[in-house]
Amino acid sequence: MSTIEPIETMAEPWDDRSPAASRGPVQRAATPIVQSGSIAGRSLTAVVAIMTFLAALTTGAVLMIVGAAGNWQADVGREVTIQVRPVSGRDIEADVRAATAAAQVTAGIAEVRAYTKAESEALVEPWLGSGLTLGDLPIPRMIVAKLASAVAPDFAGLRRTLAAKVPSASLDDHRGWIDRMRAMAEAAVAAGVGILLLVIAVTVLSVTFATRGAMATNRPIIEVLHYVGATDGFVANQFQRHFLLLGFKGGAIGGGAAIVLFGTLGAANAWLAGTAGGDEFLALFGSSAMGIAGYLAILTQIVLMAVVTAVASRHTVNQTLQNID
Amino acid sequence: MIRFENVGLRYGLGPEILRDLSFRIEAKSFQFLTGPSGAGKTSLLRMLFLSLKPTRGLISMFDRDTATLSKDGRAALRRRIGIVFQDFRLLDHMTTYENVALPLRVLGMDEAGYRAEVVELLQWVGLGERTGALPPVLSGGEKQRAAIARAVIARPQLLLADEPTGNVDPNLGQRLLRLFIELNKSGTSVVIATHDIALMDEYDAPRLVLHEGRLHVYD
Numbered sequence: 276m277s278t279i280e281p282i283e284t285m286a287e288p289w290d291d292r293s294p295a296a297s298r299g300p301v302q303r304a305a306t307p308i309v310q311s312g313s314i315a316g317r318s319l320t321a322v323v324a325i326m327t328f329l330a331a332l333t334t335g336a337v338l339m340i341v342g343a344a345g346n347w348q349a350d351v352g353r354e355v356t357i358q359v360r361p362v363s364g365r366d367i368e369a370d371v372r373a374a375t376a377a378a379q380v381t382a383g384i385a386e387v388r389a390y391t392k393a394e395s396e397a398l399v400e401p402w403l404g405s406g407l408t409l410g411d412l413p414i415p416r417m418i419v420a421k422l423a424s425a426v427a428p429d430f431a432g433l434r435r436t437l438a439a440k441v442p443s444a445s446l447d448d449h450r451g452w453i454d455r456m457r458a459m460a461e462a463a464v465a466a467g468v469g470i471l472l473l474v475i476a477v478t479v480l481s482v483t484f485a486t487r488g489a490m491a492t493n494r495p496i497i498e499v500l501h502y503v504g505a506t507d508g509f510v511a512n513q514f515q516r517h518f519l520l521l522g523f524k525g526g527a528i529g530g531g532a533a534i535v536l537f538g539t540l541g542a543a544n545a546w547l548a549g550t551a552g553g554d555e556f557l558a559l560f561g562s563s564a565m566g567i568a569g570y571l572a573i574l575t576q577i578v579l580m581a582v583v584t585a586v587a588s589r590h591t592v593n594q595t596l597q598n599i600d
Numbered sequence: 671m672i673r674f675e676n677v678g679l680r681y682g683l684g685p686e687i688l689r690d691l692s693f694r695i696e697a698k699s700f701q702f703l704t705g706p707s708g709a710g711k712t713s714l715l716r717m718l719f720l721s722l723k724p725t726r727g728l729i730s731m732f733d734r735d736t737a738t739l740s741k742d743g744r745a746a747l748r749r750r751i752g753i754v755f756q757d758f759r760l761l762d763h764m765t766t767y768e769n770v771a772l773p774l775r776v777l778g779m780d781e782a783g784y785r786a787e788v789v790e791l792l793q794w795v796g797l798g799e800r801t802g803a804l805p806p807v808l809s810g811g812e813k814q815r816a817a818i819a820r821a822v823i824a825r826p827q828l829l830l831a832d833e834p835t836g837n838v839d840p841n842l843g844q845r846l847l848r849l850f851i852e853l854n855k856s857g858t859s860v861v862i863a864t865h866d867i868a869l870m871d872e873y874d875a876p877r878l879v880l881h882e883g884r885l886h887v888y889d
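Which chain is which? The protein sequence lines are A and B, in order.
The first sequence begins at 276 in the numbering used here and counts up by one.
The second sequence begins at 671 in the numbering used here and counts up by one.
Calculated from the structure, these hints are not laboratory results.
Computed from a prediction, not measured in an experiment: that's the story for all the values here.
Heads up, some of the hints might be wrong.
Claimed, not checked - With the C-beta cut set under 8 angstroms, the calculated list includes, among others, these residues of chain B facing chain A:
no. : residue
1   : Lys698
2   : Thr738
3   : Leu739
4   : Arg759
5   : Val776
6   : Met779
7   : Asp780
8   : Glu781
9   : Arg820
The C-beta atom is built at its ideal place from N, Cα and C for all residues, glycine as well.
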């Protein structure tokens, strides 16, 4: 039955080939087990970069809204006004002085400034026009009190004092404005945070699916590693490490671009501050400079993208290995 | 070394495609596994390679009941078995040398520790000049030899080959068979799945014949 030739007499079938062109050094740096630089890998990097950039932009925008809302409330809440109405039989100048004195000795009030008669008239001039004799009109006088930041102001005490000493004076602590401002700011922040959460969810999902897509081309590698005796942990680690780097690279590109953009806007803000155009811009859109919290949030997103990519790849490897077995 | 007792296999809820398989593969033995197309040769090879679990029966490998093995335990046993696929399964982005060295690399061995051994094996299978070549530029015969080298580099106790001569001409098929015989002489048990009668006639070895789901052994 056995007709195989003795080994010594057999000509090797590969003797007639001249493969000098393919001869090379035995080894250079070891090729990574998971192929780097594949089209699928580059596509995944692009997806991660774009989605991280969009998420970072959203984060920056939301943080700016939060900051602007806080500033609006703070600006309105940092001062109160006392209005002294002209009442027949009372000396309004004396009332203004008495109200100013009462405000100055109230705890939590740092600075008090009473508008003069001329200043008060100037306040109503835009509505009534110039050239009128306002002296005969009963124009109320304003006293603006700036609040100290460290001490809680005693508005109740000030109200009692004013009621006792200056019945024609009323204290406006801007509570109504602040409440409306707070409601508006909270609505803006809630909408921003909602959009941010949606953007992050979409980012995580799209990165997960892009990773699975990239992993599909790697199934032969997973199978071969499995068949040559690699443990599941070894196979998963190979891919996890590779995709962690891919995700980090994409995240760094997208997040880095966003950081550069916000940095440039911040610098432009500082450069334009004080100019007419810059002030108009600031009045319209608020400050586009982002604080350290914003940059930290973007860095966190970069890390999040890398982790999502790595976890998605590990999950896909484990699923593939389960299917093989 | 390997023992099958009343092993049966079915896919899903389908009919049992392998029934009551009972046989042994002894250490340092050589056998052909044959049968018509669709008889279940590849399924049996996959069970021998621990990549398919039987639906009934006992498979004992290297004195271990495979049903009780953990995942890592199965991977450890798989490292004692080499397999040559009909479609080679070489990684196209790695050189011939790297493909052959892969089983040692997954064991965590240092490249300096196995380089000489891999080069020697590549020369032995006639690929000494092709160490740096990528699989896409290798001929079918070269790919087959690279796949065989990868299967034996970690010195497995059992070598499984699925239609190893299916993609090569008869002359090269004979050379590959000689390679398997040489490996067997060096102490490796060999199971070659084939339906190439001419190839089996080349060498006097027991034949495990699958027919209608059952296995018949012809010494």
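Taking the earlier hints as the rules, which of them does this structure contradict?
Hints 1, 2, 3, 6, 7 not satisfied by this model.
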